[in-house]
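Trainee: Fit chains B, C, D, E, F, G, H, I and J to the given chain A structure using the hints.
Number of protein chains: 10
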Amino acid sequence: MTVLFHVRMDVSLPHDLDPHRRTELVQAEKDRMLELQNLGVWPHLWRVVGHNSTIAVLDVPSNDELHAFLSSLPLWEFTRVEVTPLATHPSDVDAQP
Amino acid sequence: MTVLFHVRMDVSLPHDLDPHRRTELVQAEKDRMLELQNLGVWPHLWRVVGHNSTIAVLDVPSNDELHAFLSSLPLWEFTRVEVTPLATHPSDVDAQP
Amino acid sequence: MTVLFHVRMDVSLPHDLDPHRRTELVQAEKDRMLELQNLGVWPHLWRVVGHNSTIAVLDVPSNDELHAFLSSLPLWEFTRVEVTPLATHPSDVDAQP
Amino acid sequence: MTVLFHVRMDVSLPHDLDPHRRTELVQAEKDRMLELQNLGVWPHLWRVVGHNSTIAVLDVPSNDELHAFLSSLPLWEFTRVEVTPLATHPSDVDAQP
Amino acid sequence: MTVLFHVRMDVSLPHDLDPHRRTELVQAEKDRMLELQNLGVWPHLWRVVGHNSTIAVLDVPSNDELHAFLSSLPLWEFTRVEVTPLATHPSDVDAQP
Amino acid sequence: MTVLFHVRMDVSLPHDLDPHRRTELVQAEKDRMLELQNLGVWPHLWRVVGHNSTIAVLDVPSNDELHAFLSSLPLWEFTRVEVTPLATHPSDVDAQP
Amino acid sequence: MTVLFHVRMDVSLPHDLDPHRRTELVQAEKDRMLELQNLGVWPHLWRVVGHNSTIAVLDVPSNDELHAFLSSLPLWEFTRVEVTPLATHPSDVDAQP
Amino acid sequence: MTVLFHVRMDVSLPHDLDPHRRTELVQAEKDRMLELQNLGVWPHLWRVVGHNSTIAVLDVPSNDELHAFLSSLPLWEFTRVEVTPLATHPSDVDAQP
Amino acid sequence: MTVLFHVRMDVSLPHDLDPHRRTELVQAEKDRMLELQNLGVWPHLWRVVGHNSTIAVLDVPSNDELHAFLSSLPLWEFTRVEVTPLATHPSDVDAQP
Amino acid sequence: MTVLFHVRMDVSLPHDLDPHRRTELVQAEKDRMLELQNLGVWPHLWRVVGHNSTIAVLDVPSNDELHAFLSSLPLWEFTRVEVTPLATHPSDVDAQP
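Just so you know, the sequences run in chain order A, B, C, D, E, F, G, H, I and J.
With our numbering as the guide, the letters of the first sequence map in order to residues 1 to 97.
With our numbering as the guide, the letters of the second sequence map in order to residues 1 to 97.
With our numbering as the guide, the letters of the third sequence map in order to residues 1 to 97.
With our numbering as the guide, the letters of the fourth sequence map in order to residues 1 to 97.
With our numbering as the guide, the letters of the fifth sequence map in order to residues 1 to 97.
With our numbering as the guide, the letters of the sixth sequence map in order to residues 1 to 97.
With our numbering as the guide, the letters of the seventh sequence map in order to residues 1 to 97.
With our numbering as the guide, the letters of the eighth sequence map in order to residues 1 to 97.
With our numbering as the guide, the letters of the ninth sequence map in order to residues 1 to 97.
With our numbering as the guide, the letters of the tenth sequence map in order to residues 1 to 97.
Rather than coming from a laboratory, the hints here were simulated on the basis of the structure.
Glycine included, every Cβ here is placed at the ideal spot set by N, Cα and C.
Possibly wrong hints are sitting among the right ones.
[Stated by the list, open to error] Just so you have them, the derived chain C footprint on chain H, three or more residues with Cβ under 8 Å: (1) 7 to 21; (2) 60 to 70; (3) 78 to 87.
[Claimed, not checked] Here are the simulated DMTMM-like cross-link-like pairs (lysine to aspartate or glutamate), alpha carbons at most 20 Å apart as the crow flies: (4) K30/D x E77/E; (5) K30/G x E77/E; (6) K30/A x D59/D; (7) K30/C x D94/J; (8) K30/D x E77/F.
Just chain A, with the same shape it has in the complex:
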């Protein structure tokens, strides 16, 4: 069994962050996001137009693992996260009897 969550992540990097460190962190964030997708726990992600933000749908074994995945992101310290639990929609065409 897995649990489905909608996660919005808004990243805000301090303007006085060392530029070298910034480049490293942004690359590491991308690497970790690809890694989590390859693990199969992150079926959907989109960029929010006009924002340094991500809307994602994660499908995880447990709440503890969701927290572990999110807090393993290298930009975690600079990210505002909003987690919304999802359920099957009664009008989803794939969920009709």
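Mentor: Using the frame of chain A, we list chains B, C, D, E, F, G, H, I and J on its own:
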């Protein structure tokens, strides 16, 4: 070409709505939601746990058609809608070069 | 495996609700709350002082079942719900190695 | 086909930004805004009275390009952006049959 | 001389409004909006996608007349209005020396 | 003709601003405020009790000039401004026929 | 001695108020507002453009009398009130030594 | 031992409440408030200027009793309540060693 | 005559404030608070549980003096203040005829 | 007798905090949290998924002691705290007669 949008819909029916009308409207809403999915403009939808709410991703030919689709929902009058334009995410594993 | 959620529920009954129906609904709500506790999915609940509100911790088999439990409450239509997923706290004395 | 968006941009420069860098960034922002207008994707822009803010209407080929245009602005890092999709108004005198 | 304003109007009709009165009011609103555009005080208007809302730019002889125009709209009583004064943008390509 | 605006200004100086620069800026702000009052564009101003804030009524030839006046204040960079257009009140004793 | 207050009043009349009662209340409100101005306790009032709202400055003998004046307004029951205490502004040209 | 709480209560009566019932409820509320003060659990109460609101300080034997006192107020159903726990202030002149 | 105000003060000290200066300021704040209480203008003050905040009731000769008292507090620059004018409560047991 | 409180704590460490000091503070916070649990005043605590936040239930002898416990946490200076008093829930299965 199509345009991708994240749409959250929160339905709030007045408690003094005629019960017969309520049943009709809820069924008509479901029928229209299935119809729009079958049109291919509504790839994803989920129920928000604990709310009479839907999180959806729509993929539409234009803004005018998105507005036409949303306002064609029978519960439209009782729905608070929030529309967020989406773009390809630079860290989407399917968007890597 | 189960999933843990923090749920705040704020009930607001319309002042023009039929008094007989109100009494019935309030009693049915209490009965259903006791029933859910006896099912073992509702380990904690408290009254918020000064509000017609409940703070609860639910421990459920899945998101779909959490939504089913919450929407089975007779006052569901009159309740604003806020759901927050919980994980084990790293400083919980019972979670120390 | 193009897509129409209402965009509000609120710029907030850190007070401890190097004054030389600030002057460069502000000039580069102006140059890029003129360039985007000359590309034909930015039909309207106004200053919000009393704010270091812009209300704009953009007309773009796609959401991905809108995000690319906005994030290409040199002050992007210091700008809070709010994007609202627009459709034809049914009472627009130019849209009457 | 005229003064430029950005106006967002969100209409919310009570669900128990008499249907005949509703139809009359909606038609009268449209007629008045066309009339004001023909007066030349309303250069731009758009529908906000997913909302019963209008984003407009008005160009009026005075604040008193702006208030008179807005409060002459037949749905005025059911409309939440937000007025933002606009000025020439320093990076407007048409305002360059 | 002039246009009337209600303006609230909340000043927030960074605590690490150089003390000498702070003193200079505060004095320059006061000088400019007196100057604008002497120009006749600023008929009323009050201190908001308990805040480093001003409630003002300005009477200006145009929106562009209002923006120019406000952004000419030396503390402009550190000021949150809220502009509200005013009209004649129908119950103003001086506006009765 | 008197005390100075900034008061914003937003009136929102229920759409199902009896039309005759509405006309009476609106006229009574106007009469009372003129009366209070003639008492000398209400030096300034303006209409907020686009709103059924008033921005006022009142100059009253005490807080108890301010509350009595405001709650004596016939539309008081339908009015959201925001009261802000005012003091002499240190940069008011009339308050310079 | 007792526990100290700051309680703000904002009363909002529905405009279509039966006038006789309204008069009864308002009188009953006053009677109950006097009764609670005479019980010694309600040392301070003030009217918020411009609002049908009360700021109170209650000194109660327990949280359960505070909830019982507040929910025993006849206008409880029409009251928004905000409860803030208070402690001794380290700079209270009466709490100095 | 005096005027009664409810004042909430939330103090937020920058974490990079020089520790010696911090200690001095905190002590000076306490001294000034004791001084104002001894002046008789500050009848009540409490600590808000869980916050570096004060809820106070001040009884002052005028708005100008209230502003002077508040802005004389050494931590004023780091304090968010909320001022609410108070009146006699009609259900205060000490105000009954 | 003890008093029950729901406490949410959101920790936000400045990114420029000295890394050594950060490690020390985080360890000290954990030690103090374990200590308070061992004192018996802190029956429940959970991690909020996706946040550096804690939801806790504390059971304390008095408000003064609750404030003392919370402000004794080493990260207190960097923590936003929200305190909600709790009472016995009338539908708690353990509170039935």
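Trainee: None of the hints should be skipped; say for each whether it holds.
Mentor: Now the hints, each set against the structure:
By the rule of at least three residues with a Cβ nearer than 8 Å to a Cβ of chain C, the coverage given for the stretch 7 to 21 of chain H holds, with 4 such residues. Counting residues of the stretch 60 to 70 of chain H whose C-beta sits closer than 8 Å to any C-beta of chain C gives 4, which meets the bar of three, so the coverage hint holds. Counting residues of the stretch 78 to 87 of chain H whose beta-carbon sits less than 8 Å from any beta-carbon of chain C gives 4, enough to reach three: the coverage restraint holds. Restraint check for K30/D and E77/E: the C-alpha separation of about 41 Å exceeds 20 Å, so the hint is violated.
Distance restraint check for K30/G and E77/E: the Cα-Cα separation of roughly 19 Å lies within the 20 Å cut-off, and the hinted pair is therefore satisfied. Of the supplied pair hints, the one linking K30/A and D59/D is violated, its CA atoms being roughly 30 Å apart against a limit of 20 Å. At most 20 Å may separate the alpha-carbon atoms for a hinted pair to count; K30/C and D94/J meet this at roughly 13 Å. Proposed proximity of K30/D and E77/F is supported: the alpha carbons are some 19 Å apart, at most 20 Å.
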